[in-house]
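Visitor: As you go down the protein sequences, you meet chains E and F in turn.
Under our numbering, the first residue of the first sequence is numbered 1, with each subsequent residue one higher.
Under our numbering, the first residue of the second sequence is numbered 1, with each subsequent residue one higher.
Keep in mind the hints are simulated off the structure, nothing from the lab.
All figures in this text were calculated on a predicted structure; none of them were measured in a lab.
For every residue, glycine included, the Cβ atom is placed at its ideal position computed from N, Cα and C.
Hints should not be assumed to be uniformly reliable.
Calculated pairs, DSS-like style, for lysine-lysine (alpha carbon to alpha carbon, straight line, at most 25 angstroms) [to be verified]: (1) E/K286 - F/K160; (2) F/K185 - E/K13; (3) F/K181 - E/K255; (4) E/K138 - E/K2; (5) E/K291 - E/K138; (6) E/K255 - E/K218; (7) E/K218 - F/K160; (8) F/K181 - E/K286; (9) E/K286 - E/K255; (10) E/K13 - F/K175; (11) E/K291 - E/K218; (12) F/K164 - E/K291; (13) E/K13 - E/K143.
For each label pair, taking beta carbons as the anchor points, the in silico distance ranges come out as [stated by the list, open to error]: (14) F/A55 - E/E171: 42 to 50 angstroms; (15) F/E63 - E/P312: 58 to 66 angstroms; (16) E/A248 - F/K173: 34 to 42 angstroms; (17) F/I31 - E/F167: 25 to 33 angstroms.
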Amino acid sequence: MKYGYYPGCSMEKNARAYHTSTLAVAKPLGIEFVEVDDWNCCGATEYIAINKIPAYALVSRNLALAADQNSSENLVAPCSACYLNLKKVDHYLQENEELRGKVDLALEAGGLSYEPGSINVQHLLETMVVDIGFDAIKAQVKKPLYNLRVAPYYGCLVPRPASMESFDDPEHPTSMDKILEVLGATVIDYPLKAQCCGGHMTQISEETALELIRRLLKNAADCEADLIATLCPMCQLNLDAYQDAVNAQFGTNYKIPIVYFTQLMGIAFDIPAEELGFGKEIVPAKPVLEKITNEAPKPKRIREKKTGLPMPIMAEEG
Amino acid sequence: MTDTFTSRPPTLIDKIIAETPGKASNLYTCIQCGTCSGSCPSGPDMDHSPRTLFAMIDSEMEEEVLTSNTPWFCVSCYYCMVRCPQEIPITDIMYTLKRMAIEAGYFREIDKDKAPEFSETFMDLVENNGRSFEMGVVMRHHLRYHPLSAVKLATGMGLKMITKGRMDFIPTKIKNLPQLKAIIKKAKELGGAA
Numbered sequence: 001m002k003y004g005y006y007p008g009c010s011m012e013k014n015a016r017a018y019h020t021s022t023l024a025v026a027k028p029l030g031i032e033f034v035e036v037d038d039w040n041c042c043g044a045t046e047y048i049a050i051n052k053i054p055a056y057a058l059v060s061r062n063l064a065l066a067a068d069q070n071s072s073e074n075l076v077a078p079c080s081a082c083y084l085n086l087k088k089v090d091h092y093l094q095e096n097e098e099l100r101g102k103v104d105l106a107l108e109a110g111g112l113s114y115e116p117g118s119i120n121v122q123h124l125l126e127t128m129v130v131d132i133g134f135d136a137i138k139a140q141v142k143k144p145l146y147n148l149r150v151a152p153y154y155g156c157l158v159p160r161p162a163s164m165e166s167f168d169d170p171e172h173p174t175s176m177d178k179i180l181e182v183l184g185a186t187v188i189d190y191p192l193k194a195q196c197c198g199g200h201m202t203q204i205s206e207e208t209a210l211e212l213i214r215r216l217l218k219n220a221a222d223c224e225a226d227l228i229a230t231l232c233p234m235c236q237l238n239l240d241a242y243q244d245a246v247n248a249q250f251g252t253n254y255k256i257p258i259v260y261f262t263q264l265m266g267i268a269f270d271i272p273a274e275e276l277g278f279g280k281e282i283v284p285a286k287p288v289l290e291k292i293t294n295e296a297p298k299p300k301r302i303r304e305k306k307t308g309l310p311m312p313i314m315a316e317e318g
Numbered sequence: 001m002t003d004t005f006t007s008r009p010p011t012l013i014d015k016i017i018a019e020t021p022g023k024a025s026n027l028y029t030c031i032q033c034g035t036c037s038g039s040c041p042s043g044p045d046m047d048h049s050p051r052t053l054f055a056m057i058d059s060e061m062e063e064e065v066l067t068s069n070t071p072w073f074c075v076s077c078y079y080c081m082v083r084c085p086q087e088i089p090i091t092d093i094m095y096t097l098k099r100m101a102i103e104a105g106y107f108r109e110i111d112k113d114k115a116p117e118f119s120e121t122f123m124d125l126v127e128n129n130g131r132s133f134e135m136g137v138v139m140r141h142h143l144r145y146h147p148l149s150a151v152k153l154a155t156g157m158g159l160k161m162i163t164k165g166r167m168d169f170i171p172t173k174i175k176n177l178p179q180l181k182a183i184i185k186k187a188k189e190l191g192g193a194a
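Okay, chain E solo, but in the shape it has when bound:
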């Protein structure tokens, strides 16, 4: 299946591992990603705070290019912020005529035009879950991730794309959990899975950001996670690159590798680690990945159903 692909600035360098692993797993799944030619930055969370119409025009140029180049009506963004901005701008352009009129004029100045609603913006996770599906992913698994304890971390913008509908639950998303399950991993019920990583707060007020990052790391450590799987370059950067700063600030000693869910898919598909961008993470994932075993973990003992009313379990029974 053919998809338009909007990598976003992070994927070019900082989150290169996400980019290479996305392309590596796309192949066996039969996905062809066609990168939007000459795309520009989506403005992250910064531009809209400065100037409204230019912020919408900036994003609209990408939508116009994607529609013009006509590779597919679906445009996939693996970065949460890019996904939100593309989707939100398209949504508000459809809703607000005055805004649309101004953005039209701005695009015209660059010889472009865009019909709002003609591009369907998807996050990569959405593509995997909704279009490809768990069965097709499972069919590609050659080396299951047995005994690897993974905390699935969604962050904010994929479960909560502003006031628009998400493909998953806004507070308790489960789609990545299910992908990791079919990969054979032991998926942790991670309570803070949809909490904020702090976004750009590391640059504005580091103290605020470090506390948010600490909570996420502590929660994963408390759940005995071997690693955290993410779907966003910003989340990966904050949890990975600021882990040392968290340890220094709070006197902790967290060493939790933060990897992209596509990297884990790649390992399970038996794609060599170097083609998946491993080694780019600051907290190395390699020692943890060695925990993967060839045998599936024994299923949890299920307590026999006792008849009658639920009663506290007595010590001699336990």
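Put chain F on the given structure of chain E with help from the hints.
Guide: For chain F alone, coordinates are given in the frame of chain E:
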């Protein structure tokens, strides 16, 4: 301009709603329940909780609202927005407040951590390259406002990012930069009210 509902001259709340896309008029229906403040991850570090800020908006405390650090400490996590019983687009309102603070010239006074300048530095680089440039934005921002932390960055985390090949020394430029600049220039002419 008079308000659609009351035909009185526009108040602070009217101006904020007019500047915000989506169902911003729901702000009139805020019931001060505090769900937003309870959901806010950076609430403890804000001058005013989001709920307090909305009460202040309702009370026409324009200067206090526009000099509050609250919008600048919003991390855009959208928790308040999905939980608000009145479906107020709170995050979008925070963006509007940032813009209004800049337009009113107040933002130079919100110098707690130079949040507005961070956004400006970021966008300056995007307008000139078409792409964001992490090393550029971080170094320029920190050298200007936190010289000590720039040194810390360069020797600590920044160095690790560079050795891992995760940071560029030079920005990437898009091919058709004149086109982007023409679009942005036109948009800026139109950019005031919408």
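Visitor: Indicate, hint by hint, whether the structure satisfies it.
Guide: Evaluated hints:
1. E/K286 - F/K160: holds (17 angstroms)
2. F/K185 - E/K13: violated (28 angstroms)
3. F/K181 - E/K255: This hinted pair is violated, its Cα atoms lying about 44 angstroms apart.
4. E/K138 - E/K2: holds (21 angstroms)
5. E/K291 - E/K138: Given that 25 angstroms is the threshold and the Cα spacing comes to 21 angstroms, the pair holds.
6. E/K255 - E/K218: holds (11 angstroms)
7. E/K218 - F/K160: holds (23 angstroms)
8. F/K181 - E/K286: violated (44 angstroms)
9. E/K286 - E/K255: The hint holds at about 12 angstroms.
10. E/K13 - F/K175: holds (18 angstroms)
11. E/K291 - E/K218: holds (21 angstroms)
12. F/K164 - E/K291: Distance of about 24 angstroms is within 25 angstroms: holds.
13. E/K13 - E/K143: Violated - the C-alpha atoms of E/K143 and E/K13 are around 29 angstroms apart, more than 25 angstroms.
14. F/A55 - E/E171: 42 to 50 angstroms: About 26 angstroms separates the Cβ atoms of F/A55 and E/E171, which means 42 to 50 angstroms is violated.
15. F/E63 - E/P312: 58 to 66 angstroms: Taking Cβ atoms as reference, F/E63 and E/P312 lie about 60 angstroms apart, which means the hint holds.
16. E/A248 - F/K173: 34 to 42 angstroms: holds (37 angstroms)
17. F/I31 - E/F167: 25 to 33 angstroms: The hinted range 25 to 33 angstroms holds for F/I31 and E/F167, with Cβ atoms some 30 angstroms apart.
Of the hints listed earlier, those the structure fails to meet are numbers 2, 3, 8, 13, 14, in rising order.
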